[in-house]
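Colleague: For reference, the chains in residue letters:
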Amino acid sequence: MIYEANPIAVVIFISFVAFVLGLSFYFGKKGSSAKSYFAAGGEIHWGVNGVAFAGDYLSAASFLGICGMIAVAGYDGFLYSIGYLAGWMVAMFVVAEPMKRLGKYTFADALDAKFNSKGIQLMAGISTLIVSIFYLIPQMVGAGVLVTPLLGLPHYAGVIIVGVVVTIIVSTAGMKSTTYVQFLKGALLLIFSTILVIIVLINGFKTKPSDDFHQYITLTPSIENGAVVGVEEAEYSFVKQIEVGSTSFIKIMNEKGPRWWELREDNGSYSLVETLTIESTPEVDLFNGLPKEAGAFYSVGSASRLFKNGVEVQATGALGIFGFFKVINDSEIIRYKKVQFSDSDNSVMLWHQVITPGNEVLRPGLKFPLDKEKGATPADKLNFISLMLALFFGTAALPHILIRYYTVSTPSAARKSTIVAIAGIGLFYILTMYMGFGAMFNGVMDVQDGNMAAPLLAKHFGVVLFAIISAIAFATILGTVSGLIVASSGAVAHDLVDKFMGKQMTDKVKVLVGKGAAIVVGIIAIALGILFEGMNVAYLVGWAFAVAASANLPSILMLLFWKRTTSVGIIASITTGIITSMGIILLSSSMFAKYGLDPASAPFPIDNPAIFSIPLSFLALIIGSLLTQKKKSVA
Amino acid sequence: MDHGPNVKVDEHVDLVKYKTKVGIILFAVYTVVYSIFVLINTISPKAMEVAVMLGLNLAVFYGFFLIILAVIMGLVYNSICTKIEKKFSKEKGDAK
Numbered sequence: 001m002i003y004e005a006n007p008i009a010v011v012i013f014i015s016f017v018a019f020v021l022g023l024s025f026y027f028g029k030k031g032s033s034a035k036s037y038f039a040a041g042g043e044i045h046w047g048v049n050g051v052a053f054a055g056d057y058l059s060a061a062s063f064l065g066i067c068g069m070i071a072v073a074g075y076d077g078f079l080y081s082i083g084y085l086a087g088w089m090v091a092m093f094v095v096a097e098p099m100k101r102l103g104k105y106t107f108a109d110a111l112d113a114k115f116n117s118k119g120i121q122l123m124a125g126i127s128t129l130i131v132s133i134f135y136l137i138p139q140m141v142g143a144g145v146l147v148t149p150l151l152g153l154p155h156y157a158g159v160i161i162v163g164v165v166v167t168i169i170v171s172t173a174g175m176k177s178t179t180y181v182q183f184l185k186g187a188l189l190l191i192f193s194t195i196l197v198i199i200v201l202i203n204g205f206k207t208k209p210s211d212d213f214h215q216y217i218t219l220t221p222s223i224e225n226g227a228v229v230g231v232e233e234a235e236y237s238f239v240k241q242i243e244v245g246s247t248s249f250i251k252i253m254n255e256k257g258p259r260w261w262e263l264r265e266d267n268g269s270y271s272l273v274e275t276l277t278i279e280s281t282p283e284v285d286l287f288n289g290l291p292k293e294a295g296a297f298y299s300v301g302s303a304s305r306l307f308k309n310g311v312e313v314q315a316t317g318a319l320g321i322f323g324f325f326k327v328i329n330d331s332e333i334i335r336y337k338k339v340q341f342s343d344s345d346n347s348v349m350l351w352h353q354v355i356t357p358g359n360e361v362l363r364p365g366l367k368f369p370l371d372k373e374k375g376a377t378p379a380d381k382l383n384f385i386s387l388m389l390a391l392f393f394g395t396a397a398l399p400h401i402l403i404r405y406y407t408v409s410t411p412s413a414a415r416k417s418t419i420v421a422i423a424g425i426g427l428f429y430i431l432t433m434y435m436g437f438g439a440m441f442n443g444v445m446d447v448q449d450g451n452m453a454a455p456l457l458a459k460h461f462g463v464v465l466f467a468i469i470s471a472i473a474f475a476t477i478l479g480t481v482s483g484l485i486v487a488s489s490g491a492v493a494h495d496l497v498d499k500f501m502g503k504q505m506t507d508k509v510k511v512l513v514g515k516g517a518a519i520v521v522g523i524i525a526i527a528l529g530i531l532f533e534g535m536n537v538a539y540l541v542g543w544a545f546a547v548a549a550s551a552n553l554p555s556i557l558m559l560l561f562w563k564r565t566t567s568v569g570i571i572a573s574i575t576t577g578i579i580t581s582m583g584i585i586l587l588s589s590s591m592f593a594k595y596g597l598d599p600a601s602a603p604f605p606i607d608n609p610a611i612f613s614i615p616l617s618f619l620a621l622i623i624g625s626l627l628t629q630k631k632k633s634v635a
Numbered sequence: 636m637d638h639g640p641n642v643k644v645d646e647h648v649d650l651v652k653y654k655t656k657v658g659i660i661l662f663a664v665y666t667v668v669y670s671i672f673v674l675i676n677t678i679s680p681k682a683m684e685v686a687v688m689l690g691l692n693l694a695v696f697y698g699f700f701l702i703i704l705a706v707i708m709g710l711v712y713n714s715i716c717t718k719i720e721k722k723f724s725k726e727k728g729d730a731k
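The listed protein sequences correspond, in order, to chains A and B.
Note that this note's numbering gives residue 515 to position 515 of the first sequence, counting from 1, and the numbers run on in steps of one.
Just add 635 to wherever you are in the second sequence, counting from 1, and you've got this note's numbering.
Please note: incorrect hints may appear among the correct ones.
Derived, one-sided and incomplete: chain B residues facing chain A with beta-carbon distance under 10 Å [unchecked claim]:
1. Leu674
2. Ile703
3. Glu726
Reference listing, derived: stretches of chain B covered by chain A, where coverage requires no fewer than 3 residues with Cβ under 8 Å from a Cβ of chain A [said to hold, decoys possible]:
4. 659–666
5. 687–701
6. 714–720
Keep in mind that the hints were calculated from the coordinates and are not lab data.
Note that the coordinates shown come from a computational prediction; the quantities given were computed from them, not determined experimentally.
Heads up, the beta-carbon is just placed ideally off N, CA and C, and yes, glycines get one too.
One chain only, chain A, in its complex shape (with noise of 0.2 Å):
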């Protein structure tokens, strides 16, 4: 789609950003040891903690990602929200006390604890490292794909923005600037958030969201021995027939230029259908057969039936928190599915409607196969099961997440802003169903990127509502990044420079080495964000989880629950989680589909790799630690 900047939105924008690197400068002033750098000195309180908490982890995989899927698949992306929701109750119940009794500045000193060991301290600082990596990946995604439409910039441009503010900001401040950056953006991005989906409400749902919504038209096709050879309509004429799969696509041209439809049968009756296709020629990229300018290329996303209370309607009206479902399940929804082919010298990609009846979209099964009547197959489930395993795994062992501990003073603060991250967590996951559904329905959707589903919804209610939520987003990613960039300038300085090298350091060398991390890192993540650009970011998110799930949190739980682990069996354990989940994740067919091969052809048939990795990671740790039962400090 064509995006153009918006001069209030720029305003809104970049005053936010200014206000939040002011916020990082004055505290960056106040605090210079290593203390206040890597734990923001251990004295924030626990509420603020807690929405902290919140800010650091509804990232944009959270408000770009899950919306956008909810958006594109319905339920499916609400899978997510109850998996990193139900993550917490790990990190609740299980490990924030005993991390906050353990550590000091960053989680390996939690593992270390006993030990003193080098060898835990170095692979606790890769572990970090790799982590902080994985989950900055769709961090930067996420700024790509803001900045389009609110600035008229590329991708990469939002990309490198969030990548020099953020190190600004890391380098200059540290965990208590992140903190209050983090605490801030958790703070609005609840509040306006639920006003966002009270407008939703009230405004409901209509069969045309907009005026300028564009309403898809549909000729008539002449038909001989089952192949179109014409189009009634006398300003069209017909090019050619292309099957894909079981679906024909009908090429044919009017005075515009040539258009690709799709060809649909209904009790011997055959239609044309308009669809969304961008076609690559040699010369250039046409959107619907036009340039790009032309502005030709629609937005989508509408109910084709709306049905209240047993009628159907054109307007729904207002609707309330629990009728606004009733009036999803009963309707019929618009949604589109992406297909690919060539045409002679010409690439097409193409979107065509597929017609989905709300019930379906108000259960699992649009994104992750699982019904077997619909071709699921036993690796589709495993696939979903391990998925499920890593978010519920994941929270507990995320880095970022663990260094929060550190800045409050006692145990129970610990539990106590876990408590309440957990409940503004969980409510914002709530709102997640209803902004979701609303860009599903208002007529929103861009096709390439359902990543900016919940920004577009708030522009449709107006440019002030979309600056401010388009703001508040970007400051998600600004805060979670600095949360990522902070733990992992901590591995690198703390764990693996000051533990693992035993460099004698001052406090003072310690931050010079830290910010240096943090800048590393931060160009890292900047070219990390151009690469994996137009993937779902929630989904990449999902990797991250499952990185940490099998590389961290098997050793947290039996360092704390088994007497016989050892050194050698946390590093093993380690070791083999981080070998097996990115070993798993780089040959699955998604890596296949980005490195330009077959993705069937992939050795591995799924694409999350948590249901292997974390058994093995929690073995290697049993066999190792059995193994060196009387070597406990030879490591």
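Following the hints, complete the assembly by docking chain B onto the known chain A.
Modeller: Okay, now just chain B, sitting in the frame of chain A:
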């Protein structure tokens, strides 16, 4: 560089054991409820279409239930822990 916790944590070993036990029990309960949810989705996704109440189907109802249950269990856990912390703190004060 110094090692050890950022802030010295002074908790009686029995208090820690009690809180850990409560945490594990609540964690087990939530894990069972979450696992049932994942299993229904995996084995019988169509069952999630069943209307439960207030116009919500099982999928939406169970999802919201898991989120609200998390908050309620968090509050219960905090209430139990705070009570026992106060008790230990009082005993410590009396001993002095």
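Colleague: Now tell me if each hint is right for this structure.
Modeller: Results of checking the hints against the structure:
The interface hint given for leucine 674 of chain B holds, since its Cβ lies 8 Å from the closest Cβ of chain A, which is under the 10 Å cut-off. For isoleucine 703 of chain B, the shortest C-beta to C-beta distance to chain A is roughly 7 Å, which falls under 10 Å, so the interface hint holds. Annotation: interface hint on glutamate 726 of chain B violated; nearest CB of chain A at approximately 16 Å, more than 10 Å. With 5 residues carrying a beta carbon less than 8 Å from a beta carbon of chain A, the segment 659–666 of chain B meets the three-residue requirement, and the given coverage holds.
For the segment 687–701 of chain B, the assignment as covered by chain A holds, since 9 residues bring a beta-carbon within under 8 Å of that chain's beta-carbons and 3 suffice. With 3 residues carrying a beta carbon less than 8 Å from a beta carbon of chain A, the segment 714–720 of chain B meets the three-residue requirement, and the given coverage holds.
In terms of the numbered hints stated before, the structure departs from hint 3 and from no other.
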